[in-house]
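**Q** One letter stands for each residue in the lines below.
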Amino acid sequence: MTEIFSTLFGQNDAQPSTGQAGLGFAAGKPPPPMPSNQAPVAAQIPGQLGDEGPTLRKPGAMNEPFYLLRELPVGNELTGNTNLITHYSLEHAFNKFCGKKVKEKLSNFLPELPGMIDCPGIQDGSSLRSLIEKPPVCGNSFSPLTGALLTGFRLHTGPLPEQYRLMHIQPPKKKSKQKRNPRPLDPLPPETPSDSDPKKKKKKRDDDPDRKKKKKDKKKKKSRHSPDHPGLTGSQPNSNSLR
Amino acid sequence: MAEKFDNLEEHLEKFVENIRQLGIIVSDFQPSSQTGLNQKLNFMITGLQDIEKCRQQLHDINVPLEVFEYIDQGRNPQLYTKECLERALAKNEQIKGKNDTLTKFKSLLVSELGKVFPEEMAKYKAIHGDDPPS
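Listed in order, the protein sequences are those of chains A and B.
Using full-length UniProt numbering, you'd call the opening residue of the first sequence number 1 and step up by one each time.
Using full-length UniProt numbering, you'd call the opening residue of the second sequence number 1 and step up by one each time.
I should point out that these hints are in silico values taken from the structure, not numbers from a laboratory.
Be careful, since some hints might not be right.
Taking beta-carbon pairs under 10 Å as the criterion, some of the chain B residues facing chain A (in silico) [to be verified]: (1) A2; (2) E13; (3) V26; (4) N42; (5) L58; (6) K96.
In silico DSBU-like links for lysine-lysine, alpha-carbon gap of 35 Å or less [as the list claims (entries may be wrong)]: (7) B:K14 to A:K105; (8) A:K103 to B:K82; (9) A:K134 to B:K106; (10) A:K103 to B:K53.
Note that beta-carbon positions come from the ideal geometry of N, C-alpha and C, so glycine has one too.
With the rest of the complex left out, here is chain A:
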C-alpha cells in the first residue's frame, strides 16, 4: 500500500520537495515507474473507498497531487447554527412551558378529573402501558342494554364493602381550601366600611356560573360523606364507611 502511495506521488514530482522530505515522504530516491499491474489496483481503490461518504473523484483526477480527494458534501441550509426554536416558530410554546413553572402532578393538568389520579397507574392496573400491551377486544358495536341484560345489574342494598370504598376518595382540592378559609372570617370584620367590599365580592361570586358548579360539587361531596344521598329516599342505617 505504501509503495502505491509513494509511486503515485512520485509520478508528479521526480524530485521531492523539501516540505515533503521533512515529513518523511518520498525520501531522496528517484521513484520507480508505475508498473502496469498497479493500474487495475488503482482503479479498484475508488470502488472500495467510495462506499463511505461523498464520491471519490474519477481515476483520471488521481494523477493530480492529491490522493483520495473527495467531493465536498452538499451544504444544508438548516444546520445546528440556526436557532431551531425560532426557525419553527416555537417561541410561544417555549416561553409557555419553559418560562413558567409547570406543576408536577397530573391532577394539576386535569383538575376536574375525579379519583386519585396522581398515583402510578401500575398500582391499580389502570396504566396506559398495559392498555397498549394488552388492548381490549374491539370491533363490536355498542348497543344499549335491554331489560333482560339490566337484570344483571340488580345490586344488593347497603354500603360497599370496605375494600372498595377507597376508590371514591378524592385528593383534597387546594383551591377550594384556600377559598374556604376567608369565608368564616368574612362575617367577623363587617364593621369597617372597607369590608363591605368582600360582601359585594361574595355576592358577585355567587352569581358566577362556575361558582354554582363548584357549590354543586361540594354538595355532592357532602352527600357522599353523609348517609343520606340527595334524590334517594328512605332513612339509612348509620354506616361507618370512609368515603
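Once you have looked at the hints, place chain B on chain A.
**A** Positioned in the frame of chain A, the structure of chain B alone reads:
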C-alpha cells in the same frame, strides 16, 4: 383542529361525570335507585358511542409513547413537552458549538497548511475553490 379536540374533551368529561355519579349510586345502593342506575348505565353506553364517533376525526393524530410514561407515573404530561423543548435547545447549542469549533479548526488548519505546503494548498484551493465558512 382544536374543534375536534374540544368535541372529544366534552364527550369525555360527560362520560367521566356519568361514571362518577354511577359510583355514588353504587357506593350506597338502595332499591329505589335502580332506575337511576339503569339510566346511568345506558348513558355510559351512549357516551362510549359518542367517543367512538370522535375517533374517526382523530385517526391522524399521533401521540408519543413517552407521554404515556409520564401519565402512568402520575406526572403532568406538559413536563414531557417542556423537557423535549429543553433537550432540543441544549442539543442545538451543542451542535452550534461543534460547528463553530470545527469552522475555527478548519480555518486554522488551512492557514497552517498554507504556510507549510504553499503550492499544494494553492492547488487544493484551485480545486475546491475558496470554501465558504460553514
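**Q** Now tell me, hint by hint, if it's right for this structure.
**A** Hint check:
{"no.": "1", "hint": "A2", "in the structure": "15 Å, violated"}
{"no.": "2", "hint": "E13", "in the structure": "7 Å, holds"}
{"no.": "3", "hint": "V26", "in the structure": "7 Å, holds"}
{"no.": "4", "hint": "N42", "in the structure": "5 Å, holds"}
{"no.": "5", "hint": "L58", "in the structure": "15 Å, violated"}
{"no.": "6", "hint": "K96", "in the structure": "5 Å, holds"}
{"no.": "7", "hint": "B:K14 to A:K105", "in the structure": "23 Å, holds"}
{"no.": "8", "hint": "A:K103 to B:K82", "in the structure": "11 Å, holds"}
{"no.": "9", "hint": "A:K134 to B:K106", "in the structure": "55 Å, violated"}
{"no.": "10", "hint": "A:K103 to B:K53", "in the structure": "33 Å, holds"}
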